[in-house]
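Asker: Numbering-wise (the numbering used here), the sequence shown opens with residue 35 and increments by one.
Everything hinted at is true.
For lysine-lysine, the following BS3-like pairs were computed, each having C-alpha atoms within a straight-line distance of at most 27 angstroms:
| hint | residue 1 | residue 2 |
| --- | --- | --- |
| 1 | Lys84 | Lys48 |
| 2 | Lys48 | Lys201 |
| 3 | Lys134 | Lys185 |
| 4 | Lys185 | Lys205 |
| 5 | Lys112 | Lys185 |
| 6 | Lys186 | Lys201 |
| 7 | Lys185 | Lys94 |
| 8 | Lys94 | Lys205 |
| 9 | Lys186 | Lys112 |
| 10 | Lys94 | Lys84 |
| 11 | Lys48 | Lys205 |
| 12 | Lys84 | Lys112 |
Just the calculated beta-carbon pair ranges, DEER-fashion:
| hint | residue 1 | residue 2 | range |
| --- | --- | --- | --- |
| 13 | Asn206 | Ile128 | 28 to 34 angstroms |
| 14 | Ile121 | Asp88 | 25 to 31 angstroms |
| 15 | Ser118 | Ala78 | 31 to 37 angstroms |
| 16 | Leu187 | Ala92 | 23 to 29 angstroms |
Honestly, the hints are just simulated from the structure, not real lab data.
Note that CB positions come from ideal geometry on N, CA and C, so glycine has one too.
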Amino acid sequence: MLAVELATMLDEVKRVAPVWNPDLDDGIVLVLSPLWRLFPQHRAWQNELKARWDDLCAGKYDWSHLAMRLWPERVVPKCTEDLSLAIAHRLDQILWDENKTERAEEAGTESAAGNDQAEMYDGGVEEERPKKKAKRAKRAPRWTLKPAVNKKLIDQLIADRTNLTVKDALKNLLEAPMPGGNAPRAPAAPKAPKRAKKAAVEGLF
Numbered sequence: 035m036l037a038v039e040l041a042t043m044l045d046e047v048k049r050v051a052p053v054w055n056p057d058l059d060d061g062i063v064l065v066l067s068p069l070w071r072l073f074p075q076h077r078a079w080q081n082e083l084k085a086r087w088d089d090l091c092a093g094k095y096d097w098s099h100l101a102m103r104l105w106p107e108r109v110v111p112k113c114t115e116d117l118s119l120a121i122a123h124r125l126d127q128i129l130w131d132e133n134k135t136e137r138a139e140e141a142g143t144e145s146a147a148g149n150d151q152a153e154m155y156d157g158g159v160e161e162e163r164p165k166k167k168a169k170r171a172k173r174a175p176r177w178t179l180k181p182a183v184n185k186k187l188i189d190q191l192i193a194d195r196t197n198l199t200v201k202d203a204l205k206n207l208l209e210a211p212m213p214g215g216n217a218p219r220a221p222a223a224p225k226a227p228k229r230a231k232k233a234a235v236e237g238l239f
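Build out the structure end to end from the sequences listed, making use of the hints.
Answerer: And the structure:
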């Protein structure tokens with residue numbers, strides 16, 4: 035029995051080894067999630083890891099280093115839509131430009147507002163002035179994609195982050211059967227009626 039368990043464990047380790055490349059910035063549960071098959075003796079922990087692995091496969095944690103390692107073809111395009119993802123994967127300087135003109139205008143507006151408030155206090159104005167709601171012009175986005183971002187660049191970024199060995203191992207991992215196989219459990223023995231149990235116990239005395 036022990037030899038069978040050890041052989042099964044060895045097979046699981048060989049299956050997951052090419053995929054696993056831990057980065058603790060992802061968090062320990064996410065880092066261990068590909069190894070969920072290796073914890074059959076701790077069912078609660080195994081279930082937690084399996085749930086996190088399923089969420090990772092579904093794209094819920096695409097900010098993680100593990101997601102980029104396993105699915106760059108899914109994560110890289112998202113970095114062109116979400117600046118925070120691009121920052122997480124250090125692609126912000128490649129894909130995004132900061133609108134420095136807009137930033138300077140914001141700083142100038144804040145400075146002017148501070149000067150007006152200071153002048154009001156210096157002049158001893160105590161009465162509150164009616165506040166007018168100024169109509170703000172629609173501002174340009176603070177961050178925009180660089181003009182050079184196109185399909186060719188995206189494909190190149192994906193290719194640079196794609197490891198064929200990892201992709202093959204991932205395919206093997208996703209297609210692997212559930213631990214323990216699909217054999218149905220043996221049916222439980224029928225329980226004896228309470229009266230029969232009582233009679234059997236009384237017969238002993």
